[in-house]
Amino acid sequence: MDRHLLALHRKSGRRRRLYAVALTAPLVIFIMLTFVAPIAMMLARSIQNPEIMTILPTTLTALEGWDGQSIPGEAVFSALAMDLSAAHKARTSAELGTRINRELPGARSKVIATARALATKAQPPYSQTIPAIDAFWASPETWAVIARSASSYTDYYLLAALDLKRDGHGKVVAAPANQAIFLDVFVRTFWISALVTVVTLLLGYPLAYLIASAPPRVGNILLILVLLSFWTSILVRTTAWVVLLQTNGVINDILLFLGLTHERLQLIFSRFGTILAMTQIQLPFTLLPIYSVMRSLSPNLMRAASSLGAGPITAFRRVYLPQTLPGVAAGCLLTFILCLGYYITPALVGGPTDQMVSSYIALYINRELNWGMAAALGGYLLAATLTLYAVYARLVGLGSLKLG
Amino acid sequence: MTTTTRWAALVAGAGLLIAAVPAHAQQQMTITGWGGAYQASQREAYFKPFTEKTGIKVVEEEYNGEVSKVRAMVQSGSVSWDVLDVDSQGAIEGCDQGVFEVLDWDRLGGRDAFLDGSTTDCAVGSVTYSTLFAYNADIFKEGPTRIADLFDVEKFPGKRAFQKTPYVLFELALMADGVPAAEVYDILNTPEGIDRAFAKLDSIKDHVVWWETGEQPVQLLANGEVVMTTAWNGRIFNAIKDGKNFKTVFDGQVLDYNFWVVPKGTKNLDLSYEFLKFAITPEVMATQSRFIAYGPTRTDAKPDIDEFTFSQLPTAPQNNTNSLVQNYQFWGDHGEELRQRFNNWLNQ
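Heads up: the sequence lines are chains A and B, in that order.
If you count by the numbering used here, then the first sequence holds residues 652 to 1055, one letter each, in order.
If you count by the numbering used here, then the second sequence holds residues 2 to 349, one letter each, in order.
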């Protein structure tokens, strides 16, 4: 090949690659703008700490070099007086109060009241008058919280989402036992997800086998029955479970009628109900990948196995099962990851000890307006999911994943 | 494409175009409420008469008190709600975080005529309601009459439904434990007081089902899941009107307000003020009690209502004997910490 041809060849290869990039560019840009960027922006909130820095800038400057133990001097207090009366006028004192309140409960109204008093009547020397408005300002702990926020980033939310906090000396310590909650919730989330995954596999594998090996007409009908529930909205299916499981509901009626129980069982608002409803909702997600793999297997292999002398159990264990593993892996991974994010089903059929991480994320987003906390919890959930995915890819290999 | 489908596409396209042209003739605004019986009463008392009087069309939206939705709108600069109804927690937090307009009280005619605590810098009271408890009268012929009975599973066996928040629940627990209404917040302000509330809740925890939206207690009581429930009194009022055999107990009720607020940055600020001015006129405000047993927030609004509605009004003299007014300062300061501890308690 002469040089000229080689150059031509390279050029056309480049052009082809360029075409490929140009063709996928709209999708990539779309995903970046609507998916990756918003998630990244939301997650960034878990470390952002703008409130104290923007509202108390002069105080923070004056506080530089503070020993961390004593009550600061007049210079710091007069800077605080300036910042707080400006905050009162700009109506940002409540925002500041809310931020400090997260680490020092009860601080909110003290900050607002101090700001109001400073804007209206308090006079120098401020190191006397401000602590006189509220003794809160004469506590080193208050100043430690403020001094820690001299940076626009904080680890407060990331620590709090793991039931940790910083004490007055900046050391990381466990949150008080009656405030600790999230480690339990994370463990529970993974436990429920794993349980549901296992149950859907135990139910889904034989069913997938039945559908794949039945005559086409019967198989199609069975498949449609599975898909019908798959196509129904998750909210509708969850509400249907509420009707079935409630104390005066259908299941309890039948159990009583058949004489299997003597009193009504607590089925709804329980772990049992949560697992049951989630299993029903997730079953198609586990089943369909397994089914599609089974469909592609040639029946000749099983025949060959038995003609070579393998009994049905050996043939299944050594020939059939290994070939369906990619489908099993895909189905289980799909169900497990989807389960991690469950929110509405535990909320409606679960009790207070069945709520998963998502419900706390929703709580912090919707009701507490504490998006930093929501971002920290969501970040950990995402990180855990990605880690699992990576471990899985390492152990099983992504090439063996087969969604159909 | 066949000729017919081409024509159909053309017609559909033209239809879309026409629909997309804004109706200049009529002004409109969006008002958001809590849905259910409460929003229905607002529709009759405010939205319809307002449109009739001014010609401004009201588009309704519903939410479940998530101030975060407003916050997201304000932060992204696309505010699509003009007025919304919030509870006191929402009113404090939204105002603190600069999500709501600071109201120009001169434009609204001042705050003097309003009940104490029913106005803030950003919010004007829409109704007085109470959180009380109700029971299924089919089950208890001799029903509970006092707040202590709500926590007494010996005398009144069966499950109870409570709202899944410490807010109001702590107050009820302390009153059931014998604390007089006037001392509830003094006690709650001490660590021992909080422990006492938790201890009282511990005594009943296994008998509790938790509710989150306003219609849930009605459903739980109606389908026999629980025998008693805390609820917003208007929801029970409405269920009784619909023929349910429920009874309300006003002893130990916690009075609270809901508020009108305006999201910061609404494009229809003038319309928002026009609506607020209309909604807080004493005569107009007085009409809402006809549709739901919530009281007005102005002292000069005198509801003209039937006997049954009057019997279910939290502020009616016969009901307002042992009541507590919810203290939003306390919850503003301690809400986040207590909700966290409450969730921790629920988890055990």
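No wet-lab data here; the hints were simulated from the structure.
The reader is advised that the hints may include incorrect statements.
Just some of the chain B residues that point at chain A, by a computed CB distance under 7 Å [what the hints assert, rightly or not]:
#	residue
1	Glu94
2	Glu102
3	His208
4	Thr288
5	Asp334
6	Gln341
7	Asn348
Don't be surprised by glycine CBs; every beta carbon is placed ideally from N, CA and C.
Exercise for the section: Identify whether the interface hint at threonine 288 of chain B stands, where standing means a beta carbon of chain A within less than 7 Å of its own. Expected result: Where the cut-off is 7 Å and the nearest Cβ of chain A is about 31 Å from threonine 288 of chain B, the hint is violated.
task = Against chain A, run the beta carbon of glutamate 94 of chain B and see if the smallest gap drops under 7 Å.
result = Given a least distance of 5 Å, the restraint on glutamate 94 of chain B holds.
- [ ] Go through the hint on glutamate 102 of chain B and say holds or violated, using the shortest Cβ distance to chain A against 7 Å.
- [x] 11 Å, violated
Interface hint status, histidine 208 of chain B versus chain A (Cβ within 7 Å):
With Cβ-Cβ at 11 Å, over 7 Å, it is violated.
Would you settle whether the hint for asparagine 348 of chain B is holds or violated, based on the nearest Cβ-Cβ distance to chain A being less than 7 Å?
-> At about 6 Å, which falls below the 7 Å cut-off, the nearest Cβ of chain A leaves the hint on asparagine 348 of chain B intact, so it holds.
Given glutamine 341 of chain B as an interface hint, is its Cβ closer than 7 Å to any Cβ of chain A? 5 Å, holds
For the hint on aspartate 334 of chain B, does the least C-beta distance to chain A fall short of 7 Å? 5 Å, holds
Taken one by one, the earlier hints fail for this structure at numbers 2, 3 and 4, listed in ascending order.
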